[in-house]
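Asks: Following the hints, complete the assembly by docking chain B onto the known chain A.
There are 2 protein chains.
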Amino acid sequence: MTAAEFNNWLMARTAECEQVIAYYLPKEEGNARKVLEAMNYSVRAGGKRLRPMFLLEVARMYHAKEALYQPFMAALEMIHTYSLVHDDLPAMDNDEYRRGRKTTWAVYGEGMAVIAGDALLNYAYETALTAFDGADNEEERSRVIRAMKRLAANAGPSGMVGGQCADIETDRDSTQLDEAMLRYIHEKKTACLIDSGLTIGAILAGAPEDDIDKLAQVAVRVGLAFQIEDDILDVTSTKEVLGKSIGKDAAEGKATYVSMHGLDGAREKAKELTSEALDLMDSLSVQNPFLRELLRQLAERNK
Amino acid sequence: MTAAEFNNWLMARTAECEQVIAYYLPKEEGNARKVLEAMNYSVRAGGKRLRPMFLLEVARMYHAKEALYQPFMAALEMIHTYSLVHDDLPAMDNDEYRRGRKTTWAVYGEGMAVIAGDALLNYAYETALTAFDGADNEEERSRVIRAMKRLAANAGPSGMVGGQCADIETDRDSTQLDEAMLRYIHEKKTACLIDSGLTIGAILAGAPEDDIDKLAQVAVRVGLAFQIEDDILDVTSTKEVLGKSIGKDAAEGKATYVSMHGLDGAREKAKELTSEALDLMDSLSVQNPFLRELLRQLAERNK
Chain A
29 MTAAEFNNWL
39 MARTAECEQV
49 IAYYLPKEEG
59 NARKVLEAMN
69 YSVRAGGKRL
79 RPMFLLEVAR
89 MYHAKEALYQ
99 PFMAALEMIH
109 TYSLVHDDLP
119 AMDNDEYRRG
129 RKTTWAVYGE
139 GMAVIAGDAL
149 LNYAYETALT
159 AFDGADNEEE
169 RSRVIRAMKR
179 LAANAGPSGM
189 VGGQCADIET
199 DRDSTQLDEA
209 MLRYIHEKKT
219 ACLIDSGLTI
229 GAILAGAPED
239 DIDKLAQVAV
249 RVGLAFQIED
259 DILDVTSTKE
269 VLGKSIGKDA
279 AEGKATYVSM
289 HGLDGAREKA
299 KELTSEALDL
309 MDSLSVQNPF
319 LRELLRQLAE
329 RNK
Chain B
29 MTAAEFNNWL
39 MARTAECEQV
49 IAYYLPKEEG
59 NARKVLEAMN
69 YSVRAGGKRL
79 RPMFLLEVAR
89 MYHAKEALYQ
99 PFMAALEMIH
109 TYSLVHDDLP
119 AMDNDEYRRG
129 RKTTWAVYGE
139 GMAVIAGDAL
149 LNYAYETALT
159 AFDGADNEEE
169 RSRVIRAMKR
179 LAANAGPSGM
189 VGGQCADIET
199 DRDSTQLDEA
209 MLRYIHEKKT
219 ACLIDSGLTI
229 GAILAGAPED
239 DIDKLAQVAV
249 RVGLAFQIED
259 DILDVTSTKE
269 VLGKSIGKDA
279 AEGKATYVSM
289 HGLDGAREKA
299 KELTSEALDL
309 MDSLSVQNPF
319 LRELLRQLAE
329 RNK
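Residue numbers (this note's numbering), protein chains in the order written: chain A, 29 to 331; chain B, 29 to 331.
Hints are computed from structural coordinates only; laboratory data are not their basis.
Certain hints may be false.
What the hints assert, rightly or not - Looking from chain A toward chain B, a few residues come up when the C-beta cut is under 7 Å (computed): (1) 128; (2) 142; (3) 194; (4) 196.
Backbone N, C-alpha and C fix where the C-beta goes; we use that ideal spot for every residue, glycine too.
Just chain A, same shape as in the assembly (with noise of 0.2 Å):
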């Protein structure tokens, strides 16, 4: 496919993801306004919507239902947003701006950013259990379940959670912190929402099981490669290309794959690792070349 071709296809499907989770949150009215509206804010700050995209993807290479696959795509950008909410407090990483707007405790005041993210938290497992109303048949209703318990698994103590708690620890003590500690942190802290990103739509569509397996193969690796360049552009972009502060990691003394394998080490390894992902996607019984072609720019991202 052509650059303007790719292009093309990310714009279109960019905004089909927009569509999607607007029509999931939730209306501004009430007496509880406030908090829908700081939810709203934080879910419309905006981003790739690169775990939809995944989704939404993943879903229509093996026909799933849109009534099954859309209500998680809402759901799992949801529980990204609440994480970012959470990490940006100033209890956390306390940072101010996150792509170039006001973090959602500078906006709405650290009580108010808690509970948002807890509604977000909250609100995504309800917009998820609405596939269940699109299921037909026990078999389709037995997808929903297992995605549920998915995207869930993902989420928790035992997926993202998991890895920030690691995070959190090594920072306080940074010895803990060797490589099998940061790819661990890595694992947990991307690539298992990614994982949701790839697989719950192949679930919802009834997949073969071994694409299913390859797909979580290709979420760990394209994972790593994704926080290998968060640790490059932490060092070489600016706050302006970024839209969030630049230069913490160094500056906090911070272990990452580029003080452990310098930049060209690290450039290295996030290389391997795609080129591992693509192998695995060229693997599966059906292709998609934009899914493909998106997972390669992601290497090579700039922001």
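Replies: Chain B only, in chain A's frame:
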């Protein structure tokens, strides 16, 4: 029943709730051990286990299956606990003690307490989802789906979190706090999780719809009465009896049922609500004298 019979029953039921809750707590192992410790510390800090006890009693009244209701007992207590962990944060109520023990952030730090609350909320859904494994047929799966939806709606922005939002907002601007708003806050913050306790067991058992409706009405009344008691205890009890700070509402000039109606007026209101709740209980198609007595005593609690 005699006081001794009731007390024996209450001790046995509390032990049973503790056992079920303990069974579903995560093992403290692996790289994310600290957050698992913080989760378990928070849940083990105790309390009366009222919500899972309600769930257990109602489930038994209507002969629900253990494999269906036990996961919801644990999940509901985890949701209740996550809300306390986040409420106690410096950015929220800034409480260092609860139930006579240091609060989670005071022991594990603010950042860890934020993600321990998140982990509990996620894990609550993971735990509730295991109820599907105990569902043997389509009818039982439908009941679990309905129970999951109720659990989520009662916890999220249309439920408990909605009440927390209005609570924070009226703290900022007390002119918004009239009796209707105070009722809204209590119904959402307190009654919604009691609704999960009183209705989910009935839903899982396939109880008559009329009974489920009445149990929901009981939940609103018990929740309000319980909260009015809280307001009363805040001015009449001591830190030693209550195990938490007292006199905070008055010190902060916060409107409560007591400041609006006086102590006697508030007590009267609590009795009226309890009496309505008991009448509703008496009109159910099945009777549970112990649960009835428990609800009655909650209106006269002194801690």
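Asks: Now look at each hint and say whether the structure bears it out.
Replies: Cross-check of the supplied hints:
About 24 Å separates the beta-carbon of residue 128 of chain A from the nearest beta-carbon of chain B, more than 7 Å, and the hint is not met. For residue 142 of chain A, the shortest C-beta to C-beta distance to chain B is roughly 5 Å, which falls under 7 Å, so the interface hint holds. With its C-beta approaching chain B no nearer than about 5 Å, residue 194 of chain A sits inside the 7 Å limit, and its interface hint holds. Satisfaction of the interface hint for residue 196 of chain A is found here, the shortest Cβ-Cβ separation to chain B being roughly 5 Å, below the 7 Å cut-off.
In summary, the one numbered hint that this structure violates is 1.
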